[in-house]
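J.: Residues per chain are reported as follows:
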Amino acid sequence: MTARPLFDNVVLKPIVEEEKTASGIVLPGGEKEKPQQAEVVAVGPGELADGTKVTMQVKVGDKVIYGKYSGTEIEISKDEKYVVVEQKDIKCVLD
Amino acid sequence: MTARPLFDNVVLKPIVEEEKTASGIVLPGGEKEKPQQAEVVAVGPGELADGTKVTMQVKVGDKVIYGKYSGTEIEISKDEKYVVVEQKDIKCVLD
Amino acid sequence: MTARPLFDNVVLKPIVEEEKTASGIVLPGGEKEKPQQAEVVAVGPGELADGTKVTMQVKVGDKVIYGKYSGTEIEISKDEKYVVVEQKDIKCVLD
Amino acid sequence: MTARPLFDNVVLKPIVEEEKTASGIVLPGGEKEKPQQAEVVAVGPGELADGTKVTMQVKVGDKVIYGKYSGTEIEISKDEKYVVVEQKDIKCVLD
Amino acid sequence: MTARPLFDNVVLKPIVEEEKTASGIVLPGGEKEKPQQAEVVAVGPGELADGTKVTMQVKVGDKVIYGKYSGTEIEISKDEKYVVVEQKDIKCVLD
Amino acid sequence: MTARPLFDNVVLKPIVEEEKTASGIVLPGGEKEKPQQAEVVAVGPGELADGTKVTMQVKVGDKVIYGKYSGTEIEISKDEKYVVVEQKDIKCVLD
Amino acid sequence: MTARPLFDNVVLKPIVEEEKTASGIVLPGGEKEKPQQAEVVAVGPGELADGTKVTMQVKVGDKVIYGKYSGTEIEISKDEKYVVVEQKDIKCVLD
Chain R
1 MTARPLFDNV
11 VLKPIVEEEK
21 TASGIVLPGG
31 EKEKPQQAEV
41 VAVGPGELAD
51 GTKVTMQVKV
61 GDKVIYGKYS
71 GTEIEISKDE
81 KYVVVEQKDI
91 KCVLD
Chain L
1 MTARPLFDNV
11 VLKPIVEEEK
21 TASGIVLPGG
31 EKEKPQQAEV
41 VAVGPGELAD
51 GTKVTMQVKV
61 GDKVIYGKYS
71 GTEIEISKDE
81 KYVVVEQKDI
91 KCVLD
Chain B
1 MTARPLFDNV
11 VLKPIVEEEK
21 TASGIVLPGG
31 EKEKPQQAEV
41 VAVGPGELAD
51 GTKVTMQVKV
61 GDKVIYGKYS
71 GTEIEISKDE
81 KYVVVEQKDI
91 KCVLD
Chain X
1 MTARPLFDNV
11 VLKPIVEEEK
21 TASGIVLPGG
31 EKEKPQQAEV
41 VAVGPGELAD
51 GTKVTMQVKV
61 GDKVIYGKYS
71 GTEIEISKDE
81 KYVVVEQKDI
91 KCVLD
Chain E
1 MTARPLFDNV
11 VLKPIVEEEK
21 TASGIVLPGG
31 EKEKPQQAEV
41 VAVGPGELAD
51 GTKVTMQVKV
61 GDKVIYGKYS
71 GTEIEISKDE
81 KYVVVEQKDI
91 KCVLD
Chain C
1 MTARPLFDNV
11 VLKPIVEEEK
21 TASGIVLPGG
31 EKEKPQQAEV
41 VAVGPGELAD
51 GTKVTMQVKV
61 GDKVIYGKYS
71 GTEIEISKDE
81 KYVVVEQKDI
91 KCVLD
Chain U
1 MTARPLFDNV
11 VLKPIVEEEK
21 TASGIVLPGG
31 EKEKPQQAEV
41 VAVGPGELAD
51 GTKVTMQVKV
61 GDKVIYGKYS
71 GTEIEISKDE
81 KYVVVEQKDI
91 KCVLD
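Protein chains in written order, with the UniProt record's numbering: chain R, 1 to 95; chain L, 1 to 95; chain B, 1 to 95; chain X, 1 to 95; chain E, 1 to 95; chain C, 1 to 95; chain U, 1 to 95.
Be a bit skeptical, because a hint or two may be false.
[As the list claims (entries may be wrong)] Computed from the model, here is a short list of chain R residues facing chain U with C-beta under 10 Å:
#	residue
1	G46
2	D50
3	T52
4	T55
5	T72
6	I76
7	S77
8	D89
9	I90
10	D95
The hints are simulated quantities; they were obtained by calculation from the structure and are not laboratory data. Where is the CB? At the ideal position from N, CA and C, for every residue including glycine.
Produce the entire structure from the sequences given, and follow the hints as far as they go.
T.: Structural data, given as structure tokens:
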């Protein structure tokens, strides 16, 4: 099952980095603050809810930085957690 | 009796999943938090309250994810509970 | 005397259902929460206060569901209580 | 001296009804809550402050219902109290 | 020195009326609440900050009623106190 | 080094007047409240952040009155303090 | 790795000046308040999230002053800290 976004929504897969404590033990990323880096998984058709056409400036596979606290977390299946954000919440693409 | 939505409103039938407790007893979904998955039951004509024409990007039968806390709950008859949301509250379609 | 609404306003006659207590006594609807179902009594000309033309998507006699807490209650005479709502506060028509 | 309103402003003369106490004594309306019925006394030219042209949907002499708490109270002379409201604060005309 | 307003700003000279106390002593108007009547002293060019052209509906010499608490008080010299308001804060002209 | 403003921004040099205490001692203006008079030092190109073209209604050298508390204070060098305001925060030009 | 901004976003490298204490010891800038001067590192394509085309009025290498507290801090690698701001948060260019 895949999620097909509406409007200028973009489905993101957050990039969770491993983290070391002072003692050198690797902690799983889940305890860290909400990530700001993500990979684009799906891109909306570029027509806003008020009918305006917009250019989608990101594509599937792009690494992006988006506003922490933006978007809606969705869970497709148990191991697949995504965030749906409006394109305007994406600040830049990392090349 | 059926509900015919105005504007870009969409009538949704929330999908309530069964849930098991630790002991394995199945609880009816009603005690869970407000669902985020739903099936589209009816779709508005795509003219907003300010006269703007918009494309309706969902169709009857689509499984969608919508913003928790969005919309107005309506009860057509005792066993039929629906939520009316504006199209913009729908984030994506699950294919 | 009748009320002729301006703009995209719609005059609604709320539908108040009778209600039984546990003991089987019928209570007049007035003690219940503010109704969400109503019948359309009059429809505005479809020109908004900012000059925009809009399509009126309801007609006199339609049964509608509108957002609880929307609109202005008006009293034409002692037995006639109505609510004036903007069309956008009407969610759907019940066919 | 008369008040000539700007924009889509409308000068209203509130209709204050007499009121009887339980004892049958007639009290002047002034002690009642702010009236919602009024008669249209003057109508603006129908050009908004942002230059938009709008249709004035009320005319001098119309009895109207307007949103309680709307508008600015003005006093032309000691016995003449009026309220200036924007047209959008008028909900309907009573025919 | 004169003040030439920008946009749809209007320079107003507030009209402060004398006031008698119960004892018949005339008090200077300055102790009264902020005035709502004023005379138009200068009128802006009618182009808003976002480039929209608007009609200036008042002219120099008009007596107007404006929203109490609107505008910016300016002092050209010691004896000249004015208020600069946007045209939308003027409710009506007194003819 | 000079500051070249963007959009409809205007760089202002506040006019700080000397002030006498009751004893006749002249105090430097810096202890007074934030000034409202200023001289225009630089003017933006007249294209807003949303692409709208606007007319710049002030020019370098104009004495203007602007809204107290508007704008961003900038310091080019130790002795040069300026305020950058949007044109809409300028109320009038003093001729 | 470089950051390519979307919309009218601009990637800025804040300019942190050294600071002396009263005793003449040079302190690294990091303890100072958030800087307001920055150098432009990358510039977005000039299409806003709502589809509007805008002129990008700054270019890579410009020294700019931007609103303190604006934007999103991003960290490309350990030694590279940037701020992404919308163009409207940039007040002027220092020539």
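J.: Measuring from the C-beta of R/T72 to each C-beta in chain U, is the shortest one below 10 Å?
T.: violated, 17 Å
J.: Once the shortest beta carbon distance from R/D89 to chain U is found, is it less than 10 Å?
T.: Nearest chain U Cβ about 9 Å off; hint holds.
J.: Does R/D50 pass the interface hint, meaning its C-beta sits closer than 10 Å to a C-beta of chain U?
T.: Holds: closest Cβ of chain U sits about 9 Å from R/D50, inside 10 Å.
J.: Would the hint on R/S77 be counted as holding, given a Cβ-Cβ threshold of 10 Å to chain U?
T.: violated, 30 Å
J.: Return the status of the interface hint for R/I76: holds when the least beta-carbon distance to chain U is below 10 Å, violated otherwise.
T.: Cβ of R/I76 sits 26 Å from chain U, so the hint is violated.
J.: Given R/T55 as an interface hint, is the shortest Cβ-Cβ distance to chain U below 10 Å?
T.: Given a least distance of 6 Å, the restraint on R/T55 holds.
J.: For the restraint on R/T52, tell me whether the closest CB of chain U is nearer than 10 Å.
T.: Status holds, d = 5 Å.
J.: With a cut-off of 10 Å, does the beta carbon of R/G46 approach a beta carbon of chain U closely enough for the hint to hold?
T.: This interface hint holds because 9 Å falls under the 10 Å limit.
J.: Quick one, is the R/I90 hint okay against chain U at 10 Å, beta carbons?
T.: For R/I90, the interface hint holds, since the closest Cβ of chain U sits about 6 Å away, which is under 10 Å.
J.: Does the closest beta carbon of chain U sit nearer than 10 Å to the beta carbon of R/D95?
T.: holds, 5 Å
Violated hints, in rising order: 5, 6, 7; the structure is consistent with all others.
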